[in-house]
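Could you put the whole structure together from the sequences, leaning on the hints where they help?
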Amino acid sequence: MAKEKPRGKRTVVIFSITVILGVLAAWGVKQWNDPTKLQKAEAAEPSHVELSAWVADWQWQEGIEDLRSITDGLSSVQMFAAYFNEKDNLLFTAEAQQMLPKIKEAARQSSLVNVDLTIVNDRVNSDGTEVQKDSSIVTRLMATEDSREKHLKEILDAVERFNFHGVELDYEKVDDKDWPNLIRFIGDLNQQLHEREKTLRVVLEPRTPIEKLSLPQGPVYVMMAYNLNGPNTKPGPKADQAFITQLANRLKQVPGDNVIALSAGGFDWAENGEVTAVTEKQAAELSRGSLEPPKRDAASSSLSFQYVDKENGKHTVWYADEETVEQWIQVARQSGYTKIALWRLGGLGKELLWYLNQ
Numbered sequence: 001m002a003k004e005k006p007r008g009k010r011t012v013v014i015f016s017i018t019v020i021l022g023v024l025a026a027w028g029v030k031q032w033n034d035p036t037k038l039q040k041a042e043a044a045e046p047s048h049v050e051l052s053a054w055v056a057d058w059q060w061q062e063g064i065e066d067l068r069s070i071t072d073g074l075s076s077v078q079m080f081a082a083y084f085n086e087k088d089n090l091l092f093t094a095e096a097q098q099m100l101p102k103i104k105e106a107a108r109q110s111s112l113v114n115v116d117l118t119i120v121n122d123r124v125n126s127d128g129t130e131v132q133k134d135s136s137i138v139t140r141l142m143a144t145e146d147s148r149e150k151h152l153k154e155i156l157d158a159v160e161r162f163n164f165h166g167v168e169l170d171y172e173k174v175d176d177k178d179w180p181n182l183i184r185f186i187g188d189l190n191q192q193l194h195e196r197e198k199t200l201r202v203v204l205e206p207r208t209p210i211e212k213l214s215l216p217q218g219p220v221y222v223m224m225a226y227n228l229n230g231p232n233t234k235p236g237p238k239a240d241q242a243f244i245t246q247l248a249n250r251l252k253q254v255p256g257d258n259v260i261a262l263s264a265g266g267f268d269w270a271e272n273g274e275v276t277a278v279t280e281k282q283a284a285e286l287s288r289g290s291l292e293p294p295k296r297d298a299a300s301s302s303l304s305f306q307y308v309d310k311e312n313g314k315h316t317v318w319y320a321d322e323e324t325v326e327q328w329i330q331v332a333r334q335s336g337y338t339k340i341a342l343w344r345l346g347g348l349g350k351e352l353l354w355y356l357n358q
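Residue numbers (UniProt numbering): 1 to 358.
There's no promise every hint is true.
In silico EDC-like cross-links for lysine to aspartate or glutamate, where the CA-CA straight-line distance does not exceed 16 Å [stated by the list, open to error]:
#1 Lys87 - Asp122
#2 Lys198 - Asp188
#3 Lys102 - Asp116
To be clear, the hints were calculated from the coordinates, so they are not data collected in a lab.
Given below as structure tokens:
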């Protein structure tokens, strides 16, 4: 998952896990489309789906607000909050420090919501700059038996001390040469977590060469069924039915009872080349000034519209609403998957929150 936030240097205070442990110890914008068109019988189907969702540290307040609205519909929530420092040690940002106790408090609204820790190979430097999806981190961590053992122990310490239900590895842009060692690490980590009655999830990108890998049985694997279009493409939906079906079929080669991940929100493409991530609420607000009412794309069920900004610049927006996500879930179910992960909570529309909470 890419960090969807403003560009530029981020002011970050880096806290060690020990410091965080000390701290821990002591609705929506009206849509253009008519919601009465929803088929309520179909809208109740998420009750037969095992749903999990991410909350990101850079939007934790809005994420937790959404979490409080859908605790009845969730089985687990993943805290997208653990990164690496310049020495390849786990770190939490200041935002993560604030989020940790709050998300556990919100999750306690329902005894069915477990809280997992997501670890992502982003590097946060001491000056506040970041390198996202740094493949060299994975290379160094997986290089030797000693480096893998050190990383494994650090993860186990964090999970035990924070009392997480489990851990999720979101290591992206992995070099092909690192997969054999990463697979060994996944197997070892899963065994150690299982012995502690903890769980392991592993995120897979669409680009992951799963056909060539012998991924170990035991962990739950999560296929990112989105990023069909984004910052490096022309305007379009985050996913469509064909894309989701293709990835779901590929995932069948991976052992286990696995998960299809879908993405809420969308992107705003400016004619000057800038691309900005938008939540559903932000997109709905922008659509108030659109040149024409948003149109729904048949292939993806996504909405799109165009608008002109204050500087007379033209923008194209594609985004997902309740109907979009509902259709995507149906596609995943038709492919045999009833476990769905949503990227991510924060800025979801009223109708989508209601649907997810069923």
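Evaluated hints:
1. Lys87 - Asp122: 12 Å, holds
2. Lys198 - Asp188: Distance of about 13 Å is within 16 Å: holds.
3. Lys102 - Asp116: 14 Å, holds
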